[in-house]
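Enquirer: If you read the sequences in order, they're chains A and B. Number 119 in numbering that gives the first Met the number 0 belongs to position 120 of the first sequence; there are no gaps in the numbering. Number 64 in numbering that gives the first Met the number 0 belongs to position 65 of the second sequence; there are no gaps in the numbering.
Take these hints with a grain of salt, some might be off.
[To be verified] The calculated DSS-like cross-link candidates involving lysine-lysine, where the alpha carbons are at most 25 Å apart (straight line), are: (1) 14(A) <-> 65(B); (2) 68(B) <-> 100(A); (3) 5(B) <-> 128(A); (4) 100(B) <-> 20(A); (5) 5(A) <-> 128(A); (6) 20(A) <-> 5(B); (7) 14(A) <-> 100(B); (8) 5(B) <-> 20(B); (9) 14(A) <-> 65(A); (10) 5(B) <-> 128(B); (11) 100(B) <-> 68(B); (12) 68(B) <-> 128(A); (13) 20(A) <-> 5(A); (14) 14(B) <-> 65(A); (15) 14(B) <-> 100(A); (16) 14(A) <-> 5(B); (17) 14(B) <-> 68(A); (18) 14(A) <-> 20(B); (19) 100(B) <-> 65(B); (20) 68(B) <-> 14(A); (21) 128(B) <-> 5(A); (22) 128(A) <-> 20(B).
[To be verified] Restraint ranges, calculated between C-beta atoms of paired labels, are given here: (23) 72(A) <-> 83(B): 28 to 38 Å; (24) 140(A) <-> 66(B): 32 to 42 Å; (25) 105(A) <-> 91(B): 32 to 42 Å; (26) 111(B) <-> 118(A): 16 to 26 Å; (27) 119(A) <-> 92(B): 17 to 27 Å.
Think of the hints as simulated: they come from the structure by calculation, not from any bench. We put the CB at the ideal spot given by N, CA and C, even for glycine.
Protein chains: 2
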Amino acid sequence: MGTEMKVTVGGLRGKMQLTGKGHTGHEVQIDYIPPLGEDNGLMSLELLMVSLASCSAHTVLSILRKMGKTVEDVTVNAAGDRQMDAHPTVITAIELQFELKGNGLDAPSVERAIMLSEETYCPVWAMLKNSVAVSWNYSIG
Amino acid sequence: MGTEMKVTVGGLRGKMQLTGKGHTGHEVQIDYIPPLGEDNGLMSLELLMVSLASCSAHTVLSILRKMGKTVEDVTVNAAGDRQMDAHPTVITAIELQFELKGNGLDAPSVERAIMLSEETYCPVWAMLKNSVAVSWNYSIG
């Protein structure tokens, strides 16, 4: 059993600015660094990192809520190493830094939520981990 | 030789709405389908597909321009099959449909540009092809 997902990218402006859309009315502006692009949006590789950071944030949030925890805010900072000396210029490693705020959040629960996201619940993490070395750390406060 | 890329996701609102940012001031709103989320943004898996669609669009555009072609517009529609019967609910297959408009665009050039993107130039495609079966087709008009 599966479900179909559809997105569209188009509306070329400037050198290579594009607009991306999913199933809602929300849009994302996409561009590339100069001189090929004009920096009028997120780069495709940044979107890939935002996808991983938000997917892991969502799954950690859901797992902590199922544990009965209250999460007031979650930030995920992602830092990636992009290989530039040969094509394709892939990201070879990503570090995810989780910053969690909430009442009663403790280290064992947060660690367990991140490990469950990595191993079982975050589909983007599962799709990338064969290609990218993903490491993580966290802070509670 | 490499370069570091940084993105951030945070600013939790509603059930799980988040804001994503790259190195420019541009933002993307991220959410999830109800009942877990409230559909106030793109889903993480949609962002992954937008990343692949825009990366392939950018590389096809650059290659066609290097061939001396003028591209007036490019649209990439991406359709993904998401596995829903077990975690992680990954996308197992993506079909990319390229729609190109421009003067003097011909089938051999467009096919060669897409094949070079797939095999050599699109980093997102390279990072996903071990996990996802990616197929493509195109139209010129």
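Enquirer: May I ask you to test the hint 17 to 27 Å on the CB atoms belonging to residue 119(A) and residue 92(B)?
Expert: The hint (17 to 27 Å, Cβ to Cβ) holds, given that residue 119(A) and residue 92(B) are roughly 21 Å apart.
Enquirer: Verify the proposed pairing of residue 14(A) with residue 65(B), using a straight-line Cα cut of 25 Å.
Expert: 13 Å, holds
Enquirer: Given the hint of 32 to 42 Å, check if residue 105(A) and residue 91(B) actually sit that far apart at their C-beta atoms.
Expert: Because 36 Å falls inside the window, the suggested range holds.
Enquirer: Below or equal to 25 Å on CA atoms is what counts here, so check residue 14(A) against residue 20(B).
Expert: Roughly 21 Å separates the two Cα atoms, so the pair holds.
Enquirer: Would you check the hint for residue 100(B) and residue 65(B), treating anything up to 25 Å between C-alpha atoms as holding?
Expert: 16 Å, holds
Enquirer: Look at the Cβ atoms of residue 140(A) and residue 66(B) and judge whether their distance stays inside 32 to 42 Å.
Expert: Violated - the Cβ-Cβ distance for residue 140(A) and residue 66(B), about 54 Å, lies outside 32 to 42 Å.
Enquirer: Are residue 5(B) and residue 128(B) close enough, with their CA atoms no more than 25 Å apart?
Expert: 23 Å, holds
Enquirer: Measure nothing beyond the straight line between the CA atoms of residue 68(B) and residue 100(A); if it is 25 Å or shorter, mark the hint as holding.
Expert: 52 Å, violated
Enquirer: Next pair to validate is residue 128(B) with residue 5(A); report whether the Cα-Cα distance is within 25 Å.
Expert: Holds. Residue 128(B) to residue 5(A) sits at ~18 Å (cutoff 25 Å).
Enquirer: With a cut-off of 25 Å on the C-alpha distance, tell me whether residue 5(A) and residue 128(A) pass.
Expert: Holds. Residue 5(A) to residue 128(A) sits at ~23 Å (cutoff 25 Å).
Enquirer: For the pair supplied as a hint, residue 14(B) and residue 68(A), is the alpha-carbon distance within the 25 Å limit?
Expert: 14 Å, holds
Enquirer: Do the alpha carbons of residue 20(A) and residue 5(B) lie within 25 Å of each other, as the hint requires?
Expert: At roughly 23 Å apart (the allowed maximum being 25 Å), residue 5(B) and residue 20(A) satisfy the hint.
The structure fails to meet hints 2, 9, 12, 24, 26 from the earlier list, while all remaining hints are met.
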